[in-house]
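These protein sequence lines map, in sequence, to chains R and P.
Here the working numbering is used: the first residue of the first sequence is 150, the next is one more, and so on.
Here the working numbering is used: the first residue of the second sequence is 150, the next is one more, and so on.
Worth double-checking, as some hints may not be accurate.
Because identical chains cannot be distinguished in the list, a pair is counted as satisfied if it fits within a single copy or across any two copies.
Stated by the list, open to error - Each computed SDA-like pair below joins lysine to any residue, with the alpha-carbon atoms no more than 20 Å apart:
no.	residue 1	residue 2
1	Lys284	Ala226
2	Lys475	Val506
3	Lys513	Tyr350
4	Lys193	Glu515
5	Lys193	Asp499
Because the hints were derived from the structure by calculation, they are not lab data.
There are 2 protein chains.
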Amino acid sequence: MKTIAESMSTPAADGYAMPGEFEPQERVWMLWPHRTDTWSFGAKPAQKQYAAIARAIAEFTPVVVCVNESDYRGAVAVFDGEENIQVIEMTSDDAWIRDTGATFVKHPDGDVRAVHWHFNAYGGFVDGLYFPWDKDEEIALKMAELANVDRYRPDEFILEGGSIHVDGEGTVITTDMCLLSEGRSASVCGLAPWSDELRAYCEDKLKSYLGVEKVIWVKDGIDPEETNGHIDDVAQYVAPGKVLCIWTDDPDYPFYRECREAYETLSAAVDAKGRKLEVTKICMPKKPLFMTQEACDTIDVDENAEPRVPDEPLIASYMNFLISNKGVLVPQYGDENDELAVRQIQEAFDAAYGEGVYRAVGVKSEQVVFGGGNIHCITQQQPA
Amino acid sequence: MKTIAESMSTPAADGYAMPGEFEPQERVWMLWPHRTDTWSFGAKPAQKQYAAIARAIAEFTPVVVCVNESDYRGAVAVFDGEENIQVIEMTSDDAWIRDTGATFVKHPDGDVRAVHWHFNAYGGFVDGLYFPWDKDEEIALKMAELANVDRYRPDEFILEGGSIHVDGEGTVITTDMCLLSEGRSASVCGLAPWSDELRAYCEDKLKSYLGVEKVIWVKDGIDPEETNGHIDDVAQYVAPGKVLCIWTDDPDYPFYRECREAYETLSAAVDAKGRKLEVTKICMPKKPLFMTQEACDTIDVDENAEPRVPDEPLIASYMNFLISNKGVLVPQYGDENDELAVRQIQEAFDAAYGEGVYRAVGVKSEQVVFGGGNIHCITQQQPA
Chain R
150 MKTIAESMST
160 PAADGYAMPG
170 EFEPQERVWM
180 LWPHRTDTWS
190 FGAKPAQKQY
200 AAIARAIAEF
210 TPVVVCVNES
220 DYRGAVAVFD
230 GEENIQVIEM
240 TSDDAWIRDT
250 GATFVKHPDG
260 DVRAVHWHFN
270 AYGGFVDGLY
280 FPWDKDEEIA
290 LKMAELANVD
300 RYRPDEFILE
310 GGSIHVDGEG
320 TVITTDMCLL
330 SEGRSASVCG
340 LAPWSDELRA
350 YCEDKLKSYL
360 GVEKVIWVKD
370 GIDPEETNGH
380 IDDVAQYVAP
390 GKVLCIWTDD
400 PDYPFYRECR
410 EAYETLSAAV
420 DAKGRKLEVT
430 KICMPKKPLF
440 MTQEACDTID
450 VDENAEPRVP
460 DEPLIASYMN
470 FLISNKGVLV
480 PQYGDENDEL
490 AVRQIQEAFD
500 AAYGEGVYRA
510 VGVKSEQVVF
520 GGGNIHCITQ
530 QQPA
Chain P
150 MKTIAESMST
160 PAADGYAMPG
170 EFEPQERVWM
180 LWPHRTDTWS
190 FGAKPAQKQY
200 AAIARAIAEF
210 TPVVVCVNES
220 DYRGAVAVFD
230 GEENIQVIEM
240 TSDDAWIRDT
250 GATFVKHPDG
260 DVRAVHWHFN
270 AYGGFVDGLY
280 FPWDKDEEIA
290 LKMAELANVD
300 RYRPDEFILE
310 GGSIHVDGEG
320 TVITTDMCLL
330 SEGRSASVCG
340 LAPWSDELRA
350 YCEDKLKSYL
360 GVEKVIWVKD
370 GIDPEETNGH
380 IDDVAQYVAP
390 GKVLCIWTDD
400 PDYPFYRECR
410 EAYETLSAAV
420 DAKGRKLEVT
430 KICMPKKPLF
440 MTQEACDTID
450 VDENAEPRVP
460 DEPLIASYMN
470 FLISNKGVLV
480 PQYGDENDEL
490 AVRQIQEAFD
500 AAYGEGVYRA
510 VGVKSEQVVF
520 GGGNIHCITQ
530 QQPA
C-alpha cells in the first residue's frame, strides 16, 4: 500500500471525498474496550455492550472488531459462530475508533482510500484524556493496510472522526469548541487557539482531506471536558440538506443553551449546494445521567488517565447514533424518552427516503456512556 | 466466524480437502522475523531477506506480511508503495508461518476453510525449540478470522505445515521422523512414539483434516535437531503423481543416506489414485553450509530458546521452494549448484505443464537458513 504525504497530494486534489454516512457501506470497524481506568469492572460490562452493539450492526453490515492480543481469544469466543463479524488483532490504547480510526474517502470511479489524521488523545498535553496514545495513533494506518487501500497522511492536522459530519455533497459540519481549541491543531501548527487564522487553516485542511467546499461551524458541543464538544453528540445528517439537532424545552436541562444555539446556527446555514438546511429537533433523555460514586469505585485510578469523578454529567445524547446501510442504531438508556427518540429518528428517515426504507433500532449503550462515548464514537464505517 | 471442533465435524466429513501447492492461490501469508535469540544482528538481516522474498512472491501472488506491534511501523515503511503487499499486525513468537499458520482446505464448490492444528514449537517440553509458544499457537486462528473463513480445530493433534505435502488428489507425503517422534502427538495422545498405533492415529487425523485417503511415509528428514525432519526439505510435488526429491552422489555429503532412502521410498510408492510416483532428483548445494562462530556471536542467548552453536550443519536444501501461482521461488545460497537447482526445477515444471507455463526464480535465502528454515517454511498459501 502507498502512503500519500501532504507534499504529494490530497484527496481533494485526486478527486476523492468522504461519502455521507447514509451511503452504502462495505463494513463497520470497532475496537474492543479494555482500559480498566476508563471502564468499570475491568471493562467486562462494556465488552458485553460493545458485543451487543456489534451484533445489532451486523444485521445490516459486516463488522470487524479489532482487539488487543491479551483479549483476543476471549473476544473470538464471544463472537464464535457469528457469520457477519470478524475478530482481528490490533493494539489500541482505548476503544473509540470513530476518533482514532481512518476516515475513508471515495473516488467517483469507486476507489476507496483512507485518511490517517493525527491523534493526540483529545488534546495532548493541554487537556488530553490519557497517555500514551501512540497505539491509537497507528489505528488508521493499520485499518488502511487491512482494507488494502492507499493512505493520505496530512502533515500535522489533528482531527477525530467524531468532530465532523459530511453530507457527501460538499459540506462538513464541525464545532469551534473542538477544532479551534488549544489542545488540537493549535498545539502544533503555531496558530492561536480560537483565532481566525486557525479557523482558516482548519477549513483548508477539511476541504483538502474530506473533499468538501463548505464548512459549517457550530460553536459549542455538549462535553467541553471530554471530546471538547464533538459534533456527533449534537447533530447528524439524515440526507444531504437534512439535519437532525438535539433539543430540549427545559431551561434547567444541562445542555439547554448548547441545544438552542446549535439549532439556530444550523437553521441559518446554507450548504455547498446553496441549500438552506432543513433541521429537525430530536429529544434528549428526560433524566440527564450523572456519574455515580458506585461506578467510579469500580474504575481503576491511573495517573496517566483523566480520573472519573462522581456527579459529572454524562453525555447521553440520542444523536450519537450510527447509520449503517439501511439500519440506524440509536442509543438507549432506559430513559422515559428512549422510544420517542427512536420514533423521531425513524420519522426523519421516512420523511427523507420514504416509509421503512431505513430502519431505526434502539440499542442499549449506557455502559459505553460511562466510558465517555456512545454508539457513533465506537464505530467507523468503510464505504462500499 | 465459526469454530468446528472435532466432535462437530472434520474437513473430510464436510467434503473439504487441501489443494496442491501448484493450484491457484489467492494470497501468500508471511510473518516478520524478530527474535534476537534466533536471528543474528537483532533480526535486521533476516528482515531484509524476508522482504526480498515477499517482493519476489508478490510478482505472482498478493502477499500478507503479519508483524508484531513493536515492528509494525518499520515493516510498513519497508513495504511502502508495494501494490501487492499488505502489512498486518499479528503477535508471533517466531516467524515460521508454514508451521504455525493455518492449513487451508477447499470444497469442490469453491468454499475455503482453515485447519488450526495444535503447535508446540517443534516438540514442546520434549525437544521443542523455544518457550513460550502461545502466540504462535494463535496464528492459525487469527489467519482464519482475517481470511473470513470458518475454522476446523482437532482435539489434540500436533502438526506443522512443513511436515506435509499433498497432491490435491487424495495423497499426502510426510515423515516418520517428525510425526511419530516423542515430542509431537505422542506427547499428548497417550500412544507410544514410533508405534504402529501412533502411525494409525496420525493417518486417521491426516485423512480427516487434509481430506486425503493415502499417506506415504518417508522415514527420515534431514534435520533431526530442528524440525525433526520436515518433508519440505526432502521432497515436493510438482503435479499429481510427479515428485521431486533431494539427491547427492557424494557419500561424504551430510545427508547422503537420507537422500538415498527418501528417493527409494518415493520411487516405490503408489498414490491414492493407484499411480506409481514419478520421482525426479534435485541437486543439493555443492558445499554444505555450517553454522559459524561469527554468526553465533551476533545471536542473543536466552535460556528459553535452543542455543545456536558453531559447526552445526545448516539445512540448505533447494527443495524448500514455494510454488505460488505460476511462480516457483527457489532458495539460493551463493553456491556453485544454485543455477543447476533452478534449471532442474524449471525443467520438472516444463515437463509437467509445458515449457514456460511455470517460472522458476532463484531467491537468496541464506539468512533464513541461519534462522533454521527456508522459503517454504516462511510462507503459507491460501487457495483461490
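Okay, the hints, checked on the actual structure:
no., hint, verdict
1, Lys284 <-> Ala226, "between (24 Å within a copy, 17 Å between copies)"
2, Lys475 <-> Val506, "within (7 Å within a copy, 48 Å between copies)"
3, Lys513 <-> Tyr350, "neither (39 Å within a copy, 50 Å between copies)"
4, Lys193 <-> Glu515, "within (13 Å within a copy, 48 Å between copies)"
5, Lys193 <-> Asp499, "neither (37 Å within a copy, 59 Å between copies)"
Of the numbered hints listed earlier, those contradicted by the structure are 3 and 5.
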